[in-house]
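*Asks:* Take the sequences, apply the hints, and build the full model.
These are the residues of each chain, in order.
Protein chains: 2
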Amino acid sequence: MRLAIVFGGESFEHEISIVSAIALKKVIFCELIYIFCDKNRDFYLINADKINSKRFSSGEYLNDAKLTLKQGGFYLKRLFKDDKVKFDAAINIIHGADGEDGKIAALFDFFGIAYIGPGIEASVVSYNKFFTKLYAKSLGIKTLDYEVVSKDKREVSLPLPVIIKPLRLGSSIGVSVVKEQNELEYALDVAFEFDDEALVEPFVENVAEYNIAGCKIDGVMRYSIIEEPQKELFLDFNKKYLDFSRTAKIYEARLTELRNEEIRKNFKLIYEPLFEGAVIRCDFFVIRNRVYLNEINPNPGSLANYLFEEFSAIVQDLAHSLPNRKKIAVEYKYINSIQSAKGKA
Amino acid sequence: MRLAIVFGGESFEHEISIVSAIALKKVIFCELIYIFCDKNRDFYLINADKINSKRFSSGEYLNDAKLTLKQGGFYLKRLFKDDKVKFDAAINIIHGADGEDGKIAALFDFFGIAYIGPGIEASVVSYNKFFTKLYAKSLGIKTLDYEVVSKDKREVSLPLPVIIKPLRLGSSIGVSVVKEQNELEYALDVAFEFDDEALVEPFVENVAEYNIAGCKIDGVMRYSIIEEPQKELFLDFNKKYLDFSRTAKIYEARLTELRNEEIRKNFKLIYEPLFEGAVIRCDFFVIRNRVYLNEINPNPGSLANYLFEEFSAIVQDLAHSLPNRKKIAVEYKYINSIQSAKGKA
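Chains as they are written, first to last, in the numbering used here: chain A, 1 to 345; chain B, 1 to 345.
In case anyone wonders, no lab produced these hints; they're calculated from the structure. Since this is a predicted model, take the numbers as computed values, not measurements. Please note: incorrect hints may appear among the correct ones.
The list treats identical chains as interchangeable, and a pair is accepted whether it falls inside one copy or across any two copies.
Taking lysine-lysine pairs in the DSSO-like style, the calculated list, with each CA pair at most 30 Å apart, reads [claimed, not checked]: (1) K86 x K50; (2) K327 x K26; (3) K216 x K153; (4) K153 x K25; (5) K153 x K66; (6) K50 x K333; (7) K153 x K86; (8) K81 x K66; (9) K153 x K327; (10) K153 x K268; (11) K54 x K326; (12) K66 x K54; (13) K326 x K39; (14) K268 x K151; (15) K66 x K84; (16) K216 x K142; (17) K86 x K137; (18) K77 x K327; (19) K84 x K70; (20) K77 x K179.
*Replies:* Okay, structure coming up:
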């Protein structure tokens, strides 16, 4: 099996995508090829042996082969007939914009490329934190209270302390905890650097957080272990950045089997059928003995490989079990019948 | 001003998109160029003088110039350097899949093409009727009761009569009214021809329906008149098909100014800020003196030109007032700092 890892993108999380992509090399044991989407959204085929983060920051990758995205896949330019880059499935590991906002999903759907990653709908529902709230609520899954503020409407009515997040972003970029009134304006300014809207939620000190990842293969849910991540006040970007290179296995959270089951049940509700084809990670809080959804990560850092016992096998099995895209037949039935009626056929 | 009308697509509504596109020629008075997306998702530049529906059904368009979608726009293949097709903005008039499900929006966003049409989020929220329900509810806008059924879970619990619609489709394709229990299974089969999920709503006989279109230009909402569409039991596909070629002006519904205001207020709530950049049409019901959202059409048939007094001017003004896409700067700050820390820089 040959998988194409697609990474980079015009995204605030461009760099952590590079780190994620490199981490995958250590944990997926089949042939891997690397396709880099640079900040100008040009695609390059990167030799897996030569991959390291400096290749991208230095611009050295510009010497690699440039690819064209066309119907059917990525192509290498040749004088007479372009060569298609062959792989069984792509893995979308672009974090944040481009990768998690639906753009790459749409490109792959449009150009007929099989991929591991969230589809367009799944991307929009998880990338926009307001839509995540609506979706969770529709499933009967608890989330923290919230309000959406915008550059034009900055009033926060939730009582302090609150946590403020750009509405559409991951990786803790632009996130602030506001404990005192005089910190509020600055925190909003920071969030609005990244998006015109922001999500405000109550900040719960020392909240118990549990992360679980999973996917559906041949109709069966496959769950990772449940981790209780170690954290500071909250994970800041530098901390998370290093997190994206994680490949070392972690220890399972000490939870009752009942609680584990409850977390898996919530994960399954969220996953099915919206996220089919993707390996996602959901972060839950447990507050006063109740489970709350905090976030859905449809392209988690290094694909949350460290949470799985058999990550390499799972990714390859998933690549064989991707959702079928139905081809829509266009037959010009109506235009032909109208032409006939007009006596023009 | 030069506008590029992009139409066709791999969609059950491919043919009505052709009809819509041709209709626009009569109502937009500036230079128009036509870009056809055929059923294989190849793009062709169509001479506006030669455009007629038969050109597409007969395959004659295959003699027109093929275009390549690349960073910055559509290109004509040339021996040495490809020629960019020049226009001020595209108009996405692909109906249904590809055009209204977020794919074209994502392509245009990714390749940096300015366009009139719904963005990715707006597409997903309006294309999936379940998400439309969640969105309307979040805004405090009433909708009919509903349930979502699927191929695997066909049980309908709403009392008859009901109307059954494929969850992701427009133009009344696959829609049935079920008045008797023995019609139910067939109606579900019909809907599931088009999508794995379907929306079930109570069917309200003789419901008063009002359509309004609009867009936001330079921060100001511009509304069309409000039409009460004439209808049979409900608009079937053949009827709607002809509807997509509509260019004749219609008469305003006879409503009190208070009701008009209420409908415009609901439209604005739905439109802002999600649909900025698009001309959308919303269809409302009035039941027992209350306004309900029925549907959001983010690429309405022939762009609902017939509802506007000054359609040509509005489209051109909108093309000058499209939402800005912020460029995300990638600076390799983190990778460089990590390289430095490692002594590798």
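*Asks:* Can you give me the call for K84 and K70, within, between, both or neither, at a CA distance of at most 30 Å?
*Replies:* both (9 Å within a copy, 17 Å between copies)
*Asks:* I want to check one pair: K216 and K153. Are their C-alpha atoms no more than 30 Å apart within a copy, between two copies, both, or neither?
*Replies:* Intra 41 Å, inter 18 Å, cutoff 30 Å: inter-copy only.
*Asks:* Could you figure out if K268 and K151 sit no more than 30 Å apart (CA to CA) within one copy, between two copies, both or neither?
*Replies:* The answer is between: 19 Å across copies meets 30 Å, while 36 Å in one copy does not.
*Asks:* Within a copy, between copies, both or neither: where do K326 and K39 come within 30 Å Cα-Cα?
*Replies:* between (32 Å within a copy, 13 Å between copies)
*Asks:* Within a copy, between copies, both or neither: where do K216 and K142 come within 30 Å Cα-Cα?
*Replies:* within (23 Å within a copy, 35 Å between copies)
*Asks:* Could you figure out if K54 and K326 sit no more than 30 Å apart (CA to CA) within one copy, between two copies, both or neither?
*Replies:* between (41 Å within a copy, 26 Å between copies)
*Asks:* Go through the copies and call it for K86 and K137: within, between, both or neither, with a Cα cutoff of 30 Å.
*Replies:* neither (42 Å within a copy, 46 Å between copies)
*Asks:* Can you tell me if K66 and K54 fall within 30 Å by alpha carbon in one copy, between copies, both or neither?
*Replies:* within (18 Å within a copy, 39 Å between copies)
*Asks:* Please work out whether the CA atoms of K77 and K327 approach to 30 Å or closer within one copy, between two copies, in both situations, or in neither?
*Replies:* Both. Shortest intra-copy (28 Å) and inter-copy (28 Å) distances satisfy the 30 Å Cα cut-off.
*Asks:* When Cα atoms must be at most 30 Å apart, do K77 and K179 count as within-copy, between-copy, both, or neither?
*Replies:* So K77 and K179 fail the 30 Å test inside a copy (56 Å) and across (59 Å) alike.
*Asks:* Reference check for the pair K327 and K26, CA-CA at most 30 Å: within, between, both, or neither?
*Replies:* For K327 and K26, neither the intra-copy (36 Å) nor the inter-copy (33 Å) Cα distance is at most 30 Å.
*Asks:* Given a CA cutoff of 30 Å, do K153 and K327 count as a within-copy pair, a between-copy pair, both, or neither?
*Replies:* Result: close only across copies, 23 Å inter versus 44 Å intra.
Against the hints set out earlier in the document, violations occur for numbers 2, 4, 5, 7, 17 and 20.
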